[in-house]
Amino acid sequence: MCLAIPMRLIKINGVAGVAEVDGVTRTVRLDLLPEAILGDYVLIHAGLAIARVDPRHAEETLALLRSLTDEVC
Amino acid sequence: MKYVDEFRDQALVRDLARRLATLAPGPATIMEVCGTHTMAAARFGLKSLLPPEVRLISGPGCPVCVTAPEDLDAFLALGAEPRVVLVSFGDMLRVPGSHTSLEALRANGAEVRVVYSPLDVVKLARQTPEQHRVFLGVGFETTMPATALAIRAAAQCGLDNFSVWCVHKTMPAALRALLGGGEARVSGLLCPGHVTTIIGAGAYDFIPREFSLPCAVAGFEPVDMLLGIESILRQLKTGRAMVDNVYTRAVQVPPNPRAQKLLKEVFVPGDASWRGLGVIPGSGVRIREAYARHDARIRFPRVWERLHPPPPSACRCGEVLRGALPPGECPLFGGKCTPAQPLGPCMVSSEGACAAAYRYER
Numbered sequence: 527m528c529l530a531i532p533m534r535l536i537k538i539n540g541v542a543g544v545a546e547v548d549g550v551t552r553t554v555r556l557d558l559l560p561e562a563i564l565g566d567y568v569l570i571h572a573g574l575a576i577a578r579v580d581p582r583h584a585e586e587t588l589a590l591l592r593s594l595t596d597e598v599c
Numbered sequence: 007m008k009y010v011d012e013f014r015d016q017a018l019v020r021d022l023a024r025r026l027a028t029l030a031p032g033p034a035t036i037m038e039v040c041g042t043h044t045m046a047a048a049r050f051g052l053k054s055l056l057p058p059e060v061r062l063i064s065g066p067g068c069p070v071c072v073t074a075p076e077d078l079d080a081f082l083a084l085g086a087e088p089r090v091v092l093v094s095f096g097d098m099l100r101v102p103g104s105h106t107s108l109e110a111l112r113a114n115g116a117e118v119r120v121v122y123s124p125l126d127v128v129k130l131a132r133q134t135p136e137q138h139r140v141f142l143g144v145g146f147e148t149t150m151p152a153t154a155l156a157i158r159a160a161a162q163c164g165l166d167n168f169s170v171w172c173v174h175k176t177m178p179a180a181l182r183a184l185l186g187g188g189e190a191r192v193s194g195l196l197c198p199g200h201v202t203t204i205i206g207a208g209a210y211d212f213i214p215r216e217f218s219l220p221c222a223v224a225g226f227e228p229v230d231m232l233l234g235i236e237s238i239l240r241q242l243k244t245g246r247a248m249v250d251n252v253y254t255r256a257v258q259v260p261p262n263p264r265a266q267k268l269l270k271e272v273f274v275p276g277d278a279s280w281r282g283l284g285v286i287p288g289s290g291v292r293i294r295e296a297y298a299r300h301d302a303r304i305r306f307p308r309v310w311e312r313l314h315p316p317p318p319s320a321c322r323c324g325e326v327l328r329g330a331l332p333p334g335e336c337p338l339f340g341g342k343c344t345p346a347q348p349l350g351p352c353m354v355s356s357e358g359a360c361a362a363a364y365r366y367e368r
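From first to last, the protein sequence lines are chains A and B.
For the first sequence, the numbering used here assigns the number 527 to the initial residue and increments by one for each residue that follows.
For the second sequence, the numbering used here assigns the number 7 to the initial residue and increments by one for each residue that follows.
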């Protein structure tokens, strides 16, 4: 039930917004994320954005893993 | 899908699995607390990637499953009130109460609505002032802010025909009760990533401190979950337990301040009854008096009088939810109890441990 999907914010109007993933759009509420800006990826759960996906941290995690993979091979 | 596909990368998954094999400190039982983790682990076959001495077991993190039978029975009984239309997330539709289910009520002609968001219920209520919509507020901290927003919106619009039958639950108090009970022998906890976006990773600090158990807050893709398991095995190996956040792209250590403010405005902490765990003090919420018009327990106080005592059941979901019984060891599993003919919620919910084991691990 705690499923949340990363969607891209394509419209912001106060605490309401529109988010998109794979061509599917839906209206979302942004009450919990006043810092969210257009183009951000946010995790959507039950119509509410619960977290902003931090691109820097996402890339760091992947870069660290890839560097470890290189060591093994 | 961005931020999904990269974290399902097969090469990274294979490499992580190889590293886990070098870390296994001997027999270890890791509890994945969240139902969404249970389903992801089964769906991606993660258990087959773990070293043989590392066992992954499910905990009390499927909100559908831990809803107490009496709470569900009372909600179902509300369907008999004049003008009332029951509204729920789809997950609850097939969950058997003691005598009926939402699906059975619907089959018998009652109107039962399924929604994606509690905010949609407020919209429905505005469109149909002649009906009273009662929403089953189920879910952990991830879901509670959406219910809180719906209640606040209904109050702001002056709606009198929308209320919530609140069975929301909070995770840390349940974990404390579970670990304090001593029945589940676990070596570490994979903590629920999306609950933690709301409550912050700091909420689990008491687990390493009081129970000396390693924790890792993890996301829900295979790479995320294996990273979490790796962290727990590493902590076990070094003998130093902490709360490690491996879901840094979404989770922070402090709670989300907006969410905390919203939840405090609408709810007060209260006791909650859990299937399998009983009543745990402070593990749930009640709707604040200021929003009593939207509290179905206050709007329909006599519903309890109509409840019939539940018939005896051989279902052992309670033990499964405490991590004390693997689904496959329940004598009903796959015989008398299947997803088509479920006897308990763990076999119905898409995130139930029994349903996951039935679909992917038989």
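In short, the hints are calculated from the structure, not lab data.
From a predicted model like this one, the values you see are computed outputs, not experimental measurements.
Some hints here could point you the wrong way.
[Stated by the list, open to error] Here are the simulated lysine-lysine pairs, BS3-like style, with alpha carbons at most 30 Å apart: (1) B:K8 to B:K53; (2) B:K129 to B:K270; (3) B:K342 to B:K53; (4) B:K53 to A:K537; (5) A:K537 to B:K243; (6) A:K537 to B:K8; (7) B:K129 to B:K243; (8) A:K537 to B:K129; (9) B:K267 to B:K53.
[As the list claims (entries may be wrong)] To spell it out: a stretch of chain A is covered by chain B in this simulated footprint if at least three of its residues, at any positions, have a beta carbon under 8 Å from a beta carbon of chain B; those stretches are: (10) 550-558; (11) 561-567; (12) 571-578.
For glycine and all other residues, C-beta sits at the position ideal for the given N, C-alpha and C.
Okay, the hints, checked on the actual structure:
Among the hinted pairs, K8 of chain B with K53 of chain B is consistent with the structure: their alpha-carbon atoms are about 25 Å apart, no more than 30 Å. A C-alpha spacing of about 24 Å is found between K129 of chain B and K270 of chain B, which places the hinted pair at or below 30 Å, so the restraint holds. The suggested pairing of K342 of chain B with K53 of chain B holds, with an alpha-carbon distance near 26 Å, which does not exceed 30 Å. The straight-line distance between the Cα atoms of K53 of chain B and K537 of chain A is roughly 40 Å, outside the 30 Å bound, and the hint therefore fails.
For the given pair, K537 of chain A sits about 48 Å from K243 of chain B by alpha-carbon distance, which is inconsistent with the 30 Å threshold. For a cut-off of 30 Å, the pair hint linking K537 of chain A to K8 of chain B stands: about 18 Å separates their Cα positions. Using a Cα cut-off of 30 Å, the hinted pair K129 of chain B and K243 of chain B is violated, with the two alpha carbons roughly 53 Å apart. Straight-line distance between C-alpha atoms of K537 of chain A and K129 of chain B comes to about 21 Å, which keeps the hinted pair within the 30 Å bound.
Annotation: proposed proximity of K267 of chain B to K53 of chain B is violated, straight-line Cα distance about 39 Å (limit 30 Å). For the stretch 550-558 of chain A, the stated coverage by chain B is satisfied: 3 residues place a CB nearer than 8 Å to a CB of that chain, which reaches the threshold of 3. Taking a C-beta to C-beta cut-off of 8 Å, the stretch 561-567 of chain A contributes 1 residues in contact with chain B, too few for the three needed, and the coverage statement is violated. A count of 7 residues in the stretch 571-578 of chain A with a Cβ less than 8 Å from any Cβ of chain B is obtained; the coverage claim is therefore met, three being the minimum.
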